[in-house]
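Participant: Residue numbers (the working numbering), protein chains in the order written: chain A, 1 to 111; chain B, 1 to 113.
If you are wondering where the hints come from, they were derived from the structure by calculation, not from laboratory data.
Hints are supplied without guarantee of correctness; some may be wrong.
Below, computed lysine to aspartate or glutamate pairings styled on EDC-like, alpha-carbon distance capped at 20 angstroms [unchecked claim]: (1) A:79 to A:57; (2) A:45 to B:30; (3) A:42 to B:30; (4) A:79 to B:54; (5) A:42 to A:3; (6) A:2 to B:53; (7) A:98 to B:54; (8) A:45 to B:101; (9) B:13 to B:62; (10) A:2 to A:94; (11) A:79 to A:15; (12) A:79 to A:56; (13) A:79 to A:39; (14) B:13 to B:75; (15) A:98 to A:5; (16) A:42 to A:56; (17) A:45 to A:82; (18) B:13 to B:85; (19) A:45 to A:56; (20) A:98 to A:3; (21) A:98 to B:101.
Here the structure is a predicted model, which means the values were calculated and not measured.
Residues per chain are reported as follows:
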Amino acid sequence: RKEVEQDPGPFNVPEGATVAFNCTYSNSASQSFFWYRQDCRKEPKLLMSVYSSGNEDGRFTAQLNRASQYISLLIRDSKLSDSATYLCVVTALDPDYKLSFGAGTTVTVRA
Amino acid sequence: DAGVTQSPTHLIKTRGQQVTLRCSPKSGHDTVSWYQQALGQGPQFIFQYYEEEERQRGNFPDRFSGHQFPNYSSELNVNALLLGDSALYLCASSLGGGTYEQYFGPGTRLTVT
Chain A
1 RKEVEQDPGP
11 FNVPEGATVA
21 FNCTYSNSAS
31 QSFFWYRQDC
41 RKEPKLLMSV
51 YSSGNEDGRF
61 TAQLNRASQY
71 ISLLIRDSKL
81 SDSATYLCVV
91 TALDPDYKLS
101 FGAGTTVTVR
111 A
Chain B
1 DAGVTQSPTH
11 LIKTRGQQVT
21 LRCSPKSGHD
31 TVSWYQQALG
41 QGPQFIFQYY
51 EEEERQRGNF
61 PDRFSGHQFP
71 NYSSELNVNA
81 LLLGDSALYL
91 CASSLGGGTY
101 EQYFGPGTRL
111 TVT
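Just chain A, with the same shape it has in the complex (with noise of 0.2 angstroms):
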């Protein structure tokens, strides 16, 4: 089983619908947690940090449920620049320091 999986879509959401991904990983130990976002051929950008009581920024929110070992992104009114992979990262201390990303989540806004 891999560390970190995530469904790699497409999402093909209309501008302005709402999109919703998660991200789940085998780790139960795991400690931090975050979101990145790559458009094509170029490198990831951190989009966010996720918080244990879940967090906002501006059309984003995070979600982390550790009882069923998740982390998980909304997009709000999408826009046409929100296309892109969205690469979920988690790290753990325990047995060993790991940092695994997932594969990506692709998304695509259309007019």
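Keeping the supplied structure of chain A fixed, place chain B upon it in accordance with the hints.
Facilitator: Showing chain B alone in chain A's frame:
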């Protein structure tokens, strides 16, 4: 404010050769992490350098080695190149030996023939 820079941008090598990739961290950052990203996959963590030492390492063979210099810049060396080493190599910088708020460079695209 200079961001993360990497060189070269592209590189073509032959199986069995050795390659050195370079990275300069974002201004003010002291920690450099290296990742390998194959097409259609997420980045795979190779290792992290902080205070000129390898602090963390992912599941990569010893053919992958690195170095960090006093000015915090870093090199990634890969020996005995295999076809499967063809990938985008990303460098990310952060602060204080952690991986919070990592800033990535544009990457070096390595092709092994």
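Participant: What hints, given by number in increasing order, does this structure fail?
Facilitator: 3, 4, 5, 6, 16
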